[in-house]
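Peer 1: Sequence:
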Amino acid sequence: MEEYCFRVFAVNEIGTSEPSDVSKPVKVCEPKTAEPPVVKEELTPVVTGLHQEVILRCVVTANPLPKIEWQKDGKPITGITSYENFTATFTIKETNESSGGMYSCRASNEAGMAECSATVVIQESPRFEFDEKQQVQRLRVDEKWHVPIQVIGHPQPTIKWNRNDQSLKSTSHVVIRTEESEGSTDIAIHKLTLEDSAVYTVTAENSAGKAQLSFNLRVVERPDPPKGPLETSDITTSSLKLTWKPSPNDGGEKITAYFIEKQEKTQKQWQKVAEVTPDVLSYMVQDLLEGHEYFFRVFAVNAIGVSDALEAAENILLKSPFDKPGPPIGPFDVSDVTESSMLLHWDEPDSDGGSPITHYTIEKRESTKKAWSKVGETQAPVTEIDVTGLKKGTAYFFRVYAYNAVGQSPPLQPDEPITAGKKITPPSKPNNLQVIDITTRTVTLAWAPPTSTGGADLIGYVIERRLTSEKRWEKVDSVDASVTLYCVENLREKSEYEFRVFAENPVGRSLEPAMTEQVRLKTHATPPSPPTAPLEARPTGPTSLMIEWGAPESDGGAPLLGYIIAIRDIKRTMWIEVGQVGANFTRLHIKELQEEHEYHIRVFARNEVGASDPLETEEPVKIIRPDDFTELPEDDNAPSLSYSTTETLSWMREAGMDADIYSYARGRLLNRDEYFFKVWHRGMNKYSEK
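Position one of the sequence shown corresponds to residue 35 (the working numbering), numbered consecutively onward.
FYI, nobody ran anything at the bench for these hints, they're computed from the structure.
Since we're looking at a predicted model, the values are computed, not measured.
Accuracy of the hints is not assured; some may be wrong.
Straight-line C-alpha distance at most 27 angstroms; calculated DSS-like pairs for lysine-lysine [claimed, not checked]:
#1 Lys288 <-> Lys275
#2 Lys425 <-> Lys403
#3 Lys279 <-> Lys261
#4 Lys203 <-> Lys528
#5 Lys275 <-> Lys244
#6 Lys288 <-> Lys605
#7 Lys127 <-> Lys106
#8 Lys404 <-> Lys426
#9 Lys408 <-> Lys398
#10 Lys275 <-> Lys261
#11 Lys194 <-> Lys244
Pair ranges (Cβ atoms, derived) [claimed, not checked]:
#12 Thr205 <-> Gly584: 43 to 49 angstroms
#13 Glu373 <-> Gly410: 18 to 24 angstroms
#14 Lys275 <-> Asp342: 18 to 24 angstroms
#15 Val93 <-> Arg211: 48 to 54 angstroms
#16 Lys425 <-> Asp268: 47 to 53 angstroms
#17 Lys288 <-> Glu213: 47 to 53 angstroms
Beta carbons are placed, not taken as given, at the ideal position from N, Cα and C, and that holds for glycine.
Construct the complete structure from the given sequences, taking the supplied hints into account.
Peer 2: See the structure below:
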């Protein structure tokens, strides 16, 4: 292609002018046609948060240059746009909740049109606005707790609450209000209890992420009293030692001290004795008066206040620290028997009363007479005497007393007589000892009387056991001579035992026992599964409730023994057992509750291995007087429970119970009052007292 320059002359009749200036070089080529827009680089999708700048950019070529138009979700939009060097841009200076959508760039000229699109997604991970002072709080019982929170995020987050990592829903006690559309939530407890101490966690979550915020709430109050009993020991004429156990509940604050107080029986005023640090759980009270009676009590103290008192069960009389000795230990060992004499031996008492044994007195009487006569005395530590002057063939009863500086012990006085002139030996071992039943926790033994009783009536049998892995034998029980069948209970599961049985007469045990081979306990049984739901409860009166449940799906491999029922007032922390029923019953009528109170209820199934996990009501049950309830007249023939206090002379009926209930719990007793209870059982129109 050639390039040309041009110039122009003017011409008239006279002639031609000078030429014009020379033009710029011009290249001679074929003329160009129009080109339609072509998208060389597409719009890129954008994901961003709120309050951010976004620039949408694409590359479009065309000839002639195209007209650029922008749309959002199919509708034209205006904004900050540009088209330079074939690059079209659209700028969003600050994003908001409505900035998200489908953005399109359309380029057009006389030759055609091109378009590209991309999404803009606005999302922001959740975050919280709240008062940071509320993240850790320490409040008193009965105070109010309220935490408002603003939740920010896009899309609008979902909001959930947990308590100690367990899902928490709004109830009448814990009120949760959440407005997700407004991005707000708050939690409130209008009357705090100790059970409300926990870590409360709010979780907000959307497609951009998840955020959690925890609030540590500690509810505090005065501590519980020290755990009883308040024991007394080391009593002298002027001092004694008090011992107690730590308070089971410190009220959410550390115990700082224990206060000890005393009160003389003849006075009304209490006097402070001492204040000790919380690691001290005993105190020697000094400067008391001999012969005076005292009451004692102990308080626990924390930063909130002083607990109720733990009081001694009875008043303490200051007296000598020594007691009379315990009885000498039998049975008598009889030896050197002749027609008119025998040597009688016994063992020293288990307790000397704190003062050494000084001597023993021995007495005898003929079995056909009532009068006792003195045989003689022995000085401690001698524990045998030669008894003379006996009548051949006559049966005698003997008894022995021990003495110390305080006085005389109860006697060793066997129930079986010893016959003069008749030699008595220990019996032979029991015959035919067998294991007739084995469970996971018990073994039943059976045996026959010994071939020889040793010349005297049997006193009974002694049963012992030991683990095969141990050398020491352990006494299980002593039983009467008429008993030849015994169930050994409370054995260790999956263990091997040996058992032995001695026969015993007035002279002593058989020289050797009857023994079993190794016995392996059954291992298949476990506690039963919980009773099956639903646990149904309905009020039957202003103070009573009927509950029903289903039998457990599994008895654990051992027969069901029955069910245990417990209740808890929602205002209290302690569960109270209110009844036990047999395995054939799956309902219980609970009486003597408090009207308008709310209770949680638990039912346990039990077998010989133990109790199941409980079946428990999901929500508390309120005791409401039914609309159709009418007060029935007192039925004198109904089974009942009655009680009296030491301040009243008459018995008061307390409750009527169904015959399938074997236990009863009574609340609302007065502090320091003493109560007596009677249980009457009615059958065949008669009452019997227990």
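Peer 1: Hint by hint, say whether it matches the structure.
Peer 2: The hints, checked one at a time:
1. In summary, the hint linking Lys288 to Lys275 is supported, as the alpha carbons are separated by about 25 angstroms, within the 27 angstroms threshold.
2. The straight-line distance between the Cα atoms of Lys425 and Lys403 is roughly 14 angstroms, inside the 27 angstroms bound, and the hint therefore holds.
3. Between Lys279 and Lys261 the alpha-carbon distance is near 5 angstroms, which keeps this suggested pair within the 27 angstroms criterion.
4. Proximity of Lys203 to Lys528 is assessed by CA-CA distance (about 44 angstroms); at most 27 angstroms being required, the pair is judged violated.
5. Proposed proximity of Lys275 and Lys244 is contradicted: the alpha carbons are some 61 angstroms apart, above 27 angstroms.
6. With a C-alpha separation of about 23 angstroms, the suggested pairing of Lys288 with Lys605 holds against the 27 angstroms cut-off.
7. With a CA separation close to 16 angstroms, the supplied pair Lys127 and Lys106 stays within the 27 angstroms bound.
8. For the suggested pair Lys404 and Lys426, the alpha carbons sit about 19 angstroms apart, so the restraint of at most 27 angstroms is met.
9. Under the criterion of a C-alpha separation no larger than 27 angstroms, the hint pairing Lys408 with Lys398 is consistent with the structure, at around 6 angstroms.
10. Between Lys275 and Lys261, the direct Cα distance comes to roughly 16 angstroms. Compliance with the 27 angstroms bound is thereby established for this hinted pair.
11. For the hint linking Lys194 to Lys244, the alpha-carbon distance of about 11 angstroms falls within 27 angstroms, and the restraint holds.
12. One distance hint, 43 to 49 angstroms for the beta-carbon pair Thr205 and Gly584, is violated here, with the actual separation near 26 angstroms.
13. Against the hinted window of 18 to 24 angstroms, the Cβ-Cβ separation of Glu373 and Gly410 comes to about 20 angstroms, which satisfies the hint.
14. Between Lys275 and Asp342 the beta carbons are some 23 angstroms apart, a value that agrees with the proposed interval 18 to 24 angstroms.
15. Taking 48 to 54 angstroms as the suggested C-beta distance range, the pair Val93 and Arg211 conforms, at roughly 53 angstroms.
16. For the pair Lys425 and Asp268, the supplied restraint of 47 to 53 angstroms holds, since their beta-carbon distance comes to about 51 angstroms.
17. Range check, Lys288 to Glu213: Cβ separation about 40 angstroms, and the 47 to 53 angstroms hint is violated.
In this structure, the earlier hints numbered 4, 5, 12, 17 are contradicted, and the remaining ones agree with it.
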